[in-house]
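Chains as they are written, first to last, in the numbering used here: chain Z, 1 to 155; chain B, 1 to 781; chain F, 1 to 282.
Misleading hints may appear alongside valid ones.
Claimed, not checked - When the alpha-carbon atoms are kept at most 25 Å apart in a straight line, the in silico BS3-like pairs for lysine-lysine are as follows:
# : chain 1 : residue 1 : chain 2 : residue 2
1 : B       : K450      : B       : K23
2 : B       : K29       : Z       : K12
3 : B       : K23       : Z       : K12
Quick caveat, the hints were computed from the structure, so don't treat them as lab data. Because the structure is a prediction, the values reported are computed rather than measured.
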Amino acid sequence: MTVSIQLEVNGKPVQAAVEPRRLLVHFLREELGLTGANIGCETSLCGACTVLVDGNAVKSCTMLAAQADGASVTTIEGLAQNGELHPLQEGFWEKHGLQCGYCTPGMILSANYLLAQNPSPNDEEIREGLKGNICRCTGYHNIVEAVKYAAERMS
Amino acid sequence: MARVLGTSIKRREDPALITGRGKYTDDLKAEGMAHAAIVRSPYAHARIRGIDTSGAEALPGVLAVLTARDVAAAGIPGVVPVGWLLPDLKTPAHPMIAADTVRHVGDAVAVVVAADRYLARDAAERVAVDYEPLDAVADVVAALEDDAPAVHEEAPGNVAFDWEIGERESVDAAFASAAHTVELDLRNNRLIPHAIEPRAVLASYDSSTGEMTIHMTSQNPHVHRLLMTLASLGMPEHKVRIVAPEVGGGFGSKIHHYADEAIVGLCSMKLDRPVKWTATRTETNLTDAHGRDHSTRCALALDADGRITGLRVDTAAAMGAYLSTFAPAVPTYLYGTLMSGQYDIPAIHCHVTGVFTHTTPVDAYRGAGRPEATYVVERLMHLAGEATGLGPVEVRRRNFVSPDAFPYQTQVALAYDSGNYGPAMDRALEMIGYDDLRSQQASRRDNGGKQIGIGFSSYIEACGLAPSAVVGSLGAQAGQWESADVRVHPTASVTVYTGSSSHGQGHETTFSQIVADRLGIEPEAVEVIHGDTDLVQFGMGTYGSRSAAVGGSAIARSVDKIIEKGKKIAAHLLEASADDLEYEDGNFRVAGSPDRSLGLGDVALQAYLAHNYPDDLEPGLSATSFYDPANFTYPFGTHVCVVEVDTETGSIELLRYAAVDDVGNVINPMIVDGQLHGGLAQGIGQALWENAVYDDSGQLVSGSLMDYAVPKIHNLIPFELDRTTTPCPHNPLGVKGVGEAGAIASPAAVVNAVVDALSPFGISHIDMPLTPEKVWRAVNS
Amino acid sequence: MYPAQFDYRRAGSVDEALSLLQENEDAKLMAGGHSLIPMMKLRLAQPPVVIDIGRLDELKGISEAGGSVRVGSLTTHADIAASDVLAAHCPVLAEAAGHIGDAQVRNRGTIGGNIAHADPGSDIPPVLVLLGASVHLQSPSGTRSVAAGDFFQDLLMTDVGEDEILTHVDAPALGAGTGAAYLKFEHPASGYAVVGAAAAVTVQGGRCTGAGLVVGGVSATPTTVDVSSLVGTDLSDDAIAAAASGLDAEDPIGDIFASGDYRVHVGKVYGKRALAAARDRA
């Protein structure tokens, strides 16, 4: 069987018929070609697949595409507006908050959610807020710096 | 123009990666692409009685199901080879697909190809394998016992090799006359690399041309092509192109040639269409080569003044079920040769037994042998500080190789080219506020409650792999030079083709800085191409902290050749002698005649417009170099870790971590710091959390992120970094390498800190990882 | 990573969900999916039918009335952690919810899904048992409630019947003079509680008039510690330590990270610390 879904992805309407078992991350990557959300684990721990669903950071590997029916989804591809990088994207670039880049889309979207909840987090709040995202390259030191950079830019 | 070497310019790699446009292997699609799912053994050791593929084949959408029978029928070599031989090394065959026996959980027994990845997994579950389970042994010590189950008939006693370095007799003599001795039995815990991108491959065979393009998660595409064509698929090398697109971390795990990538290649050939396979986290943890897994007995002898007189090391090193690509080199030439550390040690003996176990193979993982060696030496130095009463700082200082003793010949083959160990220690003590910390520690000890500890690690590493003559004489079947082809275009922009393949290190940025600096042009005028066997002539790849020291030096050599060639062209154009020409800031000048000069742009254009050249001057402005280093490079430093231990629960909290590293000249400080941060996280992870645990039946119990704890952001702290600079004397850039330093130094620093905190409890050692329960049990024993 | 095939039904009401449950044998209810989907990805769960109840607004929300707080079963952990109602009337429940997983998990995971899954490392169950909360269930034959202490039956086993839906949880609001705290000893990999200690004490006129301690992670279900010895005391550190040391588990759970013995020990330590924190908040 398939399920008909209608949703908004990065501001554009999307309509599709999906297998019930299709995970949102596979739908985004394979059906829509939005390969920014990555898959790093299968136990909902690494956070590389994080996207925003109705403004909330969500692990798209732990959500069926069918569950996203009616939702508004933002992926890393939809974060820059009018060709302008989002301050978080700038921050990660400026502060060397990424190396291989695989965790970065999820990390940036989690940080985006964090800053929406708490526009000027301290170091501890940043580390607590991003605990659902694993980075194996940076030791996180510069990720904290990147988020602080963005918070300052956005305030 | 301003110098670009030594400046933190932002990475050119990042715009694609922060916008989601970077393309990793699994992001790629090909017309007609099918998906593979690999059927794996659930047993650590079993005989395969039979395989029934009919259930899978009957599923609509399934295109093929292949087993070892199909590998044999294809008439290909079908094996996964080891690339480093030792004397008397046992090299049992590692078939791409197990034919009659499986030897670790995760061993491939069949592959299913289907139109969709979900469907492929459905079909894989319908492949019925009839196993006869056999006794298995997963533990490196248990595998050496008399009655241990044999992993391979060809390797009696499960011994893959027996290797030693140094002089046993002189060490025995040192111990016989020692004033102080300290000894330690330790385990170096097995680690799973956990590159956050699981391994993946997209193989596209085209029968009309006989060519195959393989996009894959690779740290060294040319090495993969060589092993893939020679030993696995039996294809002519020139018919195979391997491309590493964006690669999501490697840490060693993407150096090695694995069965899975070859299996997917075979599927593509068989079906004549593109086939993709992306490992799940569970699969990648069962098949990526693991790291470490040593059991070691070691001892240090010192004289009455606290000077080291001898070091004895005996290690059993797990190889896993098969010998992976570089596996035999790791616990031998990358381990035993590092045993002198930063110290002047007159007698060293290191004996290593390589051991087959019914587990995932073990191979190079960030640091590869050097973290294990540093851990041995620096744990012993901590104990020596206690035993002699000199403390951790003075015992190290007293034994440092003196700055005027370089080049220093160790007792374990390596000759250190340069070093100056005292200043790094001084700076680390200053940064951490050592005396204050010791008084805080004393008052905590008086008051009870949470205890603090201070741990040191003064490490050395041999990196910049590797001087080919040296490694060749040590048993490598290959040199480890690197190539660089630098082409100056007619408009004076430059393309570099490097054999050093980046997977997160920022090569494109760093290498552009090398060229820009040497050529006196803007970094933006330099393009860096890597990771594609069709574009790059040949390359050894990225591992062993070799990219800057070897890959970068190759680039520098090529640039130097270009300048020499440019001088000839400029001399021709200026009607001067090439010997009189100088090159500075992008201009060729006639010495002593400042008005007679030509810019690089003029020379480059004329190099291609060449129409009136003399016979001995060729057109064009490009150069290729194959740079083979004269020696290893020897980064060093001192790290200090401060921890707080909750003695009531055994929990450890990191309070401070200061690292002073000497990696020689620095090309991009921001990137160098980032490499250190990442290495520190992995080394601290090994010390505190990470552990690949097998149960007695050979099941990997910590195979998922639910049980295997990679460091998370809320468990780490900011790192305090500084540097001293002792340039490498034998390469053109004076650089040494930095990728592994953090992972090499930090495990010993962390464990020494915890043991220091707990010394009032009479604790002298706890094996990694220092889980709260182990610490609590030690406190209460 | 790839769930097996199943049929998907989306319920528009509790009644529709109940009838779908009756019509489809072995069907699974899915709220936020954060317990079920991970099991399905590993194919440890392969339900033939999944009934998505995630859109039933009637099961969402937090309210307070008559000295009791009500949390709808589909309320997310994020909403519980951030709830003003709970901050005012039952902050310990919000505190525990804030410890669950990470921000992304809290945005999708629900209290109903969490307690119906009944993982021994979950943060919510010990708090509900401590509070004396009641869990409300609905079936075609009506509604019933069960005390949290009876709801958790064994490892991953609860009192929810095959034909029932968990609708909400009621918990008594904390009265004046009552302080409560939840302390978590977190697993460094999974983020679950190795041990989670929930404690409450009531203090009147400098004397303890009531105390409770429930520890999760030690056994298959939350372990209640008899801390009645604290009543009448001034809640000295010594009295608290003695009371917490009464933690006992006949068959403690253990894994490669923490053995049963060790969990019991940490349960006592965290129990003590949670009681002290509760005292300081009373």
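Evaluation of the provided hints:
{"no.": "1", "hint": "K450(B) x K23(B)", "verdict": "violated, 48 Å"}
{"no.": "2", "hint": "K29(B) x K12(Z)", "verdict": "holds, 23 Å"}
{"no.": "3", "hint": "K23(B) x K12(Z)", "verdict": "holds, 23 Å"}
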